[in-house]
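Enquirer: Each chain, written out:
2 protein chains.
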Amino acid sequence: MKDRVAVIGIGCTKFGDRFERSYEELICDAAFEAYDDAGIDPAQIEAAYLGTYLPGSGGGKAAVSLADALRLYDRPITRVENYCATGTDAFRNGCLAIAAGTYDMVLVLGAEKLKDRGGRGIPRLGHPLLARGNTAPGLFALAANRYIHTFGLRRETLAKVAVKNHRNGALNPKAHLRMEVTEEQVLKAPIIAWPFGLFDCCPTTDGAAAAIICRADLAKRFRKAPVLVKGAGLAVTSGRPYFDPTFDYLGFRSTQAAAQQAYAMAGIAPSDIDFAEVHDCFTWTEISNIEDLGFCPKGEGGRLEEEGQTALDGRLPINPSGGLKSFGHPIGASGVRMITECVVQLRGEAGKRQVKDPELGLAHNVGGPGAVSCVVVLGRG
Amino acid sequence: MKDRVAVIGIGCTKFGDRFERSYEELICDAAFEAYDDAGIDPAQIEAAYLGTYLPGSGGGKAAVSLADALRLYDRPITRVENYCATGTDAFRNGCLAIAAGTYDMVLVLGAEKLKDRGGRGIPRLGHPLLARGNTAPGLFALAANRYIHTFGLRRETLAKVAVKNHRNGALNPKAHLRMEVTEEQVLKAPIIAWPFGLFDCCPTTDGAAAAIICRADLAKRFRKAPVLVKGAGLAVTSGRPYFDPTFDYLGFRSTQAAAQQAYAMAGIAPSDIDFAEVHDCFTWTEISNIEDLGFCPKGEGGRLEEEGQTALDGRLPINPSGGLKSFGHPIGASGVRMITECVVQLRGEAGKRQVKDPELGLAHNVGGPGAVSCVVVLGRG
Numbered sequence: 004m005k006d007r008v009a010v011i012g013i014g015c016t017k018f019g020d021r022f023e024r025s026y027e028e029l030i031c032d033a034a035f036e037a038y039d040d041a042g043i044d045p046a047q048i049e050a051a052y053l054g055t056y057l058p059g060s061g062g063g064k065a066a067v068s069l070a071d072a073l074r075l076y077d078r079p080i081t082r083v084e085n086y087c088a089t090g091t092d093a094f095r096n097g098c099l100a101i102a103a104g105t106y107d108m109v110l111v112l113g114a115e116k117l118k119d120r121g122g123r124g125i126p127r128l129g130h131p132l133l134a135r136g137n138t139a140p141g142l143f144a145l146a147a148n149r150y151i152h153t154f155g156l157r158r159e160t161l162a163k164v165a166v167k168n169h170r171n172g173a174l175n176p177k178a179h180l181r182m183e184v185t186e187e188q189v190l191k192a193p194i195i196a197w198p199f200g201l202f203d204c205c206p207t208t209d210g211a212a213a214a215i216i217c218r219a220d221l222a223k224r225f226r227k228a229p230v231l232v233k234g235a236g237l238a239v240t241s242g243r244p245y246f247d248p249t250f251d252y253l254g255f256r257s258t259q260a261a262a263q264q265a266y267a268m269a270g271i272a273p274s275d276i277d278f279a280e281v282h283d284c285f286t287w288t289e290i291s292n293i294e295d296l297g298f299c300p301k302g303e304g305g306r307l308e309e310e311g312q313t314a315l316d317g318r319l320p321i322n323p324s325g326g327l328k329s330f331g332h333p334i335g336a337s338g339v340r341m342i343t344e345c346v347v348q349l350r351g352e353a354g355k356r357q358v359k360d361p362e363l364g365l366a367h368n369v370g371g372p373g374a375v376s377c378v379v380v381l382g383r384g
Numbered sequence: 004m005k006d007r008v009a010v011i012g013i014g015c016t017k018f019g020d021r022f023e024r025s026y027e028e029l030i031c032d033a034a035f036e037a038y039d040d041a042g043i044d045p046a047q048i049e050a051a052y053l054g055t056y057l058p059g060s061g062g063g064k065a066a067v068s069l070a071d072a073l074r075l076y077d078r079p080i081t082r083v084e085n086y087c088a089t090g091t092d093a094f095r096n097g098c099l100a101i102a103a104g105t106y107d108m109v110l111v112l113g114a115e116k117l118k119d120r121g122g123r124g125i126p127r128l129g130h131p132l133l134a135r136g137n138t139a140p141g142l143f144a145l146a147a148n149r150y151i152h153t154f155g156l157r158r159e160t161l162a163k164v165a166v167k168n169h170r171n172g173a174l175n176p177k178a179h180l181r182m183e184v185t186e187e188q189v190l191k192a193p194i195i196a197w198p199f200g201l202f203d204c205c206p207t208t209d210g211a212a213a214a215i216i217c218r219a220d221l222a223k224r225f226r227k228a229p230v231l232v233k234g235a236g237l238a239v240t241s242g243r244p245y246f247d248p249t250f251d252y253l254g255f256r257s258t259q260a261a262a263q264q265a266y267a268m269a270g271i272a273p274s275d276i277d278f279a280e281v282h283d284c285f286t287w288t289e290i291s292n293i294e295d296l297g298f299c300p301k302g303e304g305g306r307l308e309e310e311g312q313t314a315l316d317g318r319l320p321i322n323p324s325g326g327l328k329s330f331g332h333p334i335g336a337s338g339v340r341m342i343t344e345c346v347v348q349l350r351g352e353a354g355k356r357q358v359k360d361p362e363l364g365l366a367h368n369v370g371g372p373g374a375v376s377c378v379v380v381l382g383r384g
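One line per chain: the protein sequences are A and B, in this order.
Per this note's numbering, the first sequence starts with residue 4, numbered consecutively.
Per this note's numbering, the second sequence starts with residue 4, numbered consecutively.
Don't read these hints as lab results, they were simulated from the structure.
Bear in mind that the values here come from a model prediction, so they are computed numbers and not experimental data.
Each hint should be verified, as a subset may be incorrect.
As the list claims (entries may be wrong) - In the DSSO-like style, the derived pairs of lysine-lysine whose C-alpha atoms are separated by at most 30 Å in a straight line are:
#1 Lys17/A - Lys223/A
#2 Lys118/A - Lys223/A
#3 Lys355/A - Lys177/A
#4 Lys223/B - Lys5/A
#5 Lys17/B - Lys227/B
#6 Lys17/B - Lys5/A
#7 Lys223/A - Lys5/B
#8 Lys191/A - Lys118/A
#9 Lys118/A - Lys177/A
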């Protein structure tokens, strides 16, 4: 698949409390921005993929509600769901459909309305045998505590991740929580699930993002410098890592495996990556993920954060967009939103949050929690 | 994609009230039967697709619960959802992943537990503005009544579809309702939504099905006569046909469009098809579908049924398996189960329900209701 698929258009809504826009409206806002960005008419789209985790009551509205709204008449629209890796996996499947030679141009969408779910909210995670506390903060905190015990990580280091990502997000007009926070604010925030205080957790967010991809050999018709898909990987590991007796609570094998698949396809090493959008649902998750992605040995992620290596002007900027932490996390949208950030950065159009002259960017989702990861590597054409 | 993907293994559970087997167990029953049928080890599977419409509470358990059970360690497993077209669309995406050249061998799964959903049941269908009656029987009955009014179809003809499909299903050890019914029984059954009596409706069913596909050029290593994928199409039409002012209530454009895509890819005409597994969620749906698939002009489907042309020994056998009507309809499983029937028939291994010497078979799902259809054409290698 390497170098056979190009991204020629992107779109992303303002993330946040979007009570004033419906699910379909958010998707259209992102899609029509992408149509315009690519300079195409919807009639040129031959197939679409939609990443949504919770499409409303019992599977309610998803692909079938979109044909008219997106001006995609009688075309294929497939919904992909893979927990918090939904968005990147939708993108991966769009790329496979192009690489198959069946479609020349595909629209990839990610969208979620999390604030409008009435009393239902996000369902409990984890295994049915797990009782109280099997929420995302609870389960990621279990791993974070073990990690802290093993490597001596301090809450001050976790707080630095939040400070950095909010600093980046404050530069981003589309971020949900567009504000800086201080290390003191993060440390003094109410505890959600120790060691995570409120500012260690990403918010609950509405939003949608879109990417238009096409055959790489056709891409120059639409853009002078299209961004190319270099590699993609998806890995599902043990049903629930928390029930796997070999799980060490120090990181997620799914991320390691998905990254290996993507690097092998791209023919690169982790050290070739210039910046990454990484799944920072909690501050600890970013630290663990950058280790699992191979950017540093296990246990040294905190040091990278402490030394500022992951800052916008650091050696390896992580989450220049603001990440899930500040940009927000509408589950199915996040992966596609990460792709749009990678494209903006690789085009050199990120303005105040521009990473210096990047060649290769990476987008990474982990979900399940921990059971599934998806990694996409994008590069300048 | 034509002739580039082969089916080398299939598996299917007994369909029915499967309270004694969990969702994951049903999937494993189907998958391990398929591993055995292909003569492969799970380690040879490089990626998997899972079609499930309602994976438990709020998106609960789907792809991430399967890795260990299926012996697929650190591999990609993607859930696809597309209403009642979920199973065939999962298969279509598995085929695209092979055609992309990224994976040599892929496992496609379809599964649903509909009997274990507690008080929740199947969610209401249709548009949120629709109030009472927006169930599957209610919405399909709206179209059936208009069709009856326009073409003068009689309930006796609807009943003949049920009689035929139950006759086929009675020959099928894995069918849910493995029994024959008489025309009188069908006509005298309690009315669910006029013109549909109880026996005009498919049952609510648990079940799982599996197919193993691989690169066509590698297929002969595994089977002397693999079945080839000739074409596939997916079409999403107007968000809800019932809200489209141009909808004539006489059939579904999504089926017409998906069939055209599949026929064009295969380079065939509808008249080349030797038998078809068609989405007979209600007796009327089969009649309308065989018209939309191009097997006869609109309004003449009833005559084909009346004349016995769709019987096992007829000109164009429809639903030799027993169809959704008798075999059952675990939503995400049905499309993959149809693929397994096509393969069994094309191999000439269908025993008492064998269609005479078929070269080309077709599997068709419609969902939404009516908004999405998926068509797959399979042929002898």
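Enquirer: Now, for every hint given, state plainly whether the structure supports it.
Expert: Comparing the hints with the structure gives:
no.	hint	in the structure
1	Lys17/A - Lys223/A	holds, 29 Å
2	Lys118/A - Lys223/A	violated, 40 Å
3	Lys355/A - Lys177/A	holds, 13 Å
4	Lys223/B - Lys5/A	holds, 28 Å
5	Lys17/B - Lys227/B	holds, 27 Å
6	Lys17/B - Lys5/A	violated, 42 Å
7	Lys223/A - Lys5/B	holds, 28 Å
8	Lys191/A - Lys118/A	holds, 26 Å
9	Lys118/A - Lys177/A	holds, 17 Å
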